[in-house]
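Peer 1: Residues per chain, in single letters:
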Amino acid sequence: VTTTVEEPPAAPEPPEPPEAPQRPSAGSTLGLSIMRVISAAAIPIILFVLLWLTFDFLRDADANRFALAGVAIVVGVGGVFLLFWMMNRVVDLLSERLRERVRPYVFVGPALVLLAVFLVYPVFNTIFISFENGNSTEFVGLDNYKFVFTDVNMLRSIRNTAGWLILVPLAAVSIGLAFATMADKLRRGEAVAKSLIFLPMAISFAGASITWQLIYSYRSQGFGSNIGLLNGIMLGLGQDPVKWLELQPWNNLFLMVIMVWMQTGFAMVVLSAAIKAIPDEIIEAARIDGASELQVFWRIMVPTIVPTIVVVTTYMVINAMKVFDIVFVQPANAENNGTVVMAERMLRWFFQLNHNGRGAAVAVVLFVAVIPVMIWNMRRFREQEAIR
Amino acid sequence: MSATPVSAPIEPERSGNVGDVRTGGWLIRITIIVIVLLWSIPTLGVLITSFRAEEFVNTSGWWTALAKPFEAAQWTIENYRVAIEGQEFGSAFMNSLAMAIPATVIPITIAAFAAYAFSWMEFRGRYVMFVTVVGLLVVPLQMALIPILKLFTQGIMLGDYIIVPDLDLNQSFVGIWLAHTGFGLPLAVYLLRNYIGSLPSSIIESARIDGADHFTIFWRLIIPLSIPALAAFAIFQFMWVWNDLLVAYVFLGGAGKNIVLTVALRNLVGSTGENWQILTAAAFISMSLPLIVFFSLQRYFVRGLTAGAVKG
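Chains as they are written, first to last, in my numbering: chain C, 7 to 394; chain A, 89 to 400.
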């Protein structure tokens, strides 16, 4: 069965490389743009199709699982390297002048093709749906958007999401940064300490919700003993147990804690890598000049890793924007408890209340809300270009 | 696997750090220990619960087990046995590997090429392209599932015209690799561009002067220098893909031979009810591989990978 794997040198039709013009001027511009289009779109597509033809084996449900996993890994991993290698060979066939002008599009082409299919197309699809009614049969103009900005639960979800956006990244990034810096100074045990902070990242969302039930769980009198840690502490202090997840507005904070718990590991690992990339000489020089550790941190480390901080914060903000599972899987009802958030509203309308238009409108509002973050990032992107 | 905060094994000294002034004071050590303890409490709860017998789990808090650790009656490995035997775990594990390894390598490779182009190549439209990629970070995955599923099973039709044919990618590993790649790319491009873009330009310029083309620079210079960022992203993408339930459920199906570990676990929840002791055991089994990946790649996060590269 395993013989269907492709033989590597099966190069796809090179897109007419001899066409590449010898003369440098006017006529070549058209050739160049055609070449760009071909290299950015056609080659990846041809290759994907080619690879896909050899992948039929992977669809075979009766195949031996070990063989299948082996073939999948070889073909999947090998396929992507083959893709770039072949595209690069094709580019090398071009005239020298064209070569370096076409190559960028070969580098970004596969990414753009995949993004176009898997994200851009769904976005346009969503924008389209957001102007239609519940089952997408009629055009309703801005009705869905009116709903988004008037419904009580929607308004509360916007407020809550704003809270998530600010508090979760703030907490996760500052704890992550502080921890990465401090752990960097440890003589031993850094790996262990970091691993333990990172551990929650390895738990799936389903696992995390089980995990935090062990902390927040509440059982009222007569329904068994309280097996949540917080209520265990309350009882130990002689207090009454508390329904933590129904305690408005604090229950929002308790849910945010779960996300901070899961995400700090991400911030910590990425920031730690950035801290370790700071050349030792700079820090040593500052120390020799008599800078205190705090000064080294604020005047040298932080400014050096600002780009990474921005990246991590952006990622956290966007993740906080998308958060739904934590709210969604809680046994307590999000609407009654005032813990609604926008992404959760979107899914609820889309999948449970079967109103595609409203769900899509919430999604579009979320896209629009991220535009300032994008502008901020772009400005930094240009600054980085300017100073290097 | 070190899931308990107690008795942390002594780590070998990191090489860059030998005997310098950076040794932490007591304040730092205590702060670290406090944070680590706080972070470990929930996990510890899961670990303990997963080894407790059912009647204990439901009648007393998990922390009470710590008070009397030698009461043998409450400890059991039965939960793990039930979790492993309950489903076709071996096959689901292999499926998870077949899904997760390519779904980690493919996006990283594609993103690294794109990130290099965005950082160091001049071409028209790169700002617009990069902004678009960053903007796509916010597209909620859940929103994309239905259009993509339609694309996989029906292709795209505009009126009566077929724009994209039905590729029949549903229920196939190729389909789920591509889906995970698409969903993971924005973050991968974003993180890697940030890292690759901050490498000293003198390295790239001197290579250019020596006559290296972009492909060579990328392959011989940028990739080796970017190992920390690549390893860091590999870890996250792997965990993401490994722990994902939604995408796997939609694209590989909820039953049959191709189910992955998370789907098997979910089915376990369905078949055993809300049994915390079994769920926690299952959660620990599925955590094991991501943790191995993390521990084995962690050594790449070392200091000073770029230091000295310029002078060399």
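The hints are simulated quantities; they were obtained by calculation from the structure and are not laboratory data. Certain hints may be false.
As the list claims (entries may be wrong) - Residues of chain C placed beyond 10 angstroms of chain A at every Cβ, according to the derived structure: (1) GLY213; (2) LEU259; (3) MET327.
Said to hold, decoys possible - Cβ-Cβ distance ranges computed for the label pairs, FRET-style: (4) C:THR143 / A:PRO288: 56 to 62 angstroms; (5) C:ILE381 / A:GLU173: 53 to 59 angstroms; (6) C:GLY140 / A:LEU237: 19 to 25 angstroms; (7) A:ILE311 / C:ALA297: 31 to 37 angstroms; (8) A:ILE172 / C:PHE357: 29 to 35 angstroms; (9) A:SER289 / C:PHE87: 45 to 51 angstroms; (10) A:LEU115 / C:VAL158: 33 to 39 angstroms; (11) A:VAL170 / C:VAL316: 42 to 48 angstroms; (12) C:ILE381 / A:TRP163: 55 to 61 angstroms; (13) A:LYS345 / C:ILE381: 44 to 50 angstroms; (14) C:ARG105 / A:VAL216: 22 to 28 angstroms; (15) A:LEU237 / C:SER101: 55 to 61 angstroms.
Heads up, the beta-carbon is just placed ideally off N, CA and C, and yes, glycines get one too.
Peer 1: Against this structure, judge whether each hint is valid.
Peer 2: Hint check results:
A Cβ of chain A approaches the Cβ of GLY213 (chain C) within 10 angstroms, the least distance being about 4 angstroms, so the stated non-interface status is violated. Non-interface status of LEU259 (chain C) relative to chain A is upheld: no Cβ of that chain comes within 10 angstroms, the nearest being about 15 angstroms off. Its beta-carbon lying about 6 angstroms from the closest one in chain A, MET327 (chain C) breaks the requirement of being farther than 10 angstroms from that chain. The hint said 56 to 62 angstroms for the Cβ distance between THR143 (chain C) and PRO288 (chain A), and at roughly 58 angstroms that hint holds.
For ILE381 (chain C) and GLU173 (chain A), the hinted distance range of 53 to 59 angstroms is satisfied, since their beta carbons lie about 54 angstroms from each other. Range check, GLY140 (chain C) to LEU237 (chain A): Cβ separation about 20 angstroms, and the 19 to 25 angstroms hint holds. Between ILE311 (chain A) and ALA297 (chain C) the Cβ separation comes to about 35 angstroms, which falls inside the hinted range of 31 to 37 angstroms. Between ILE172 (chain A) and PHE357 (chain C) the CB atoms are about 32 angstroms apart, so this pair conforms to the stated range of 29 to 35 angstroms.
In this structure the hint that SER289 (chain A) and PHE87 (chain C) lie 45 to 51 angstroms apart at CB is violated, the actual value being about 27 angstroms. Taking 33 to 39 angstroms as the suggested C-beta distance range, the pair LEU115 (chain A) and VAL158 (chain C) does not conform, at roughly 48 angstroms. Between VAL170 (chain A) and VAL316 (chain C) the C-beta distance comes to about 47 angstroms, which sits within the given range of 42 to 48 angstroms. Between ILE381 (chain C) and TRP163 (chain A) the beta carbons are some 56 angstroms apart, a value that agrees with the proposed interval 55 to 61 angstroms.
Roughly 48 angstroms separates the CB atoms of LYS345 (chain A) and ILE381 (chain C), a value that falls within the hinted 44 to 50 angstroms. The supplied range of 22 to 28 angstroms is met by ARG105 (chain C) and VAL216 (chain A), whose beta-carbon atoms lie about 23 angstroms from each other. A beta carbon spacing of about 44 angstroms between LEU237 (chain A) and SER101 (chain C) contradicts the range 55 to 61 angstroms that was offered as a hint.
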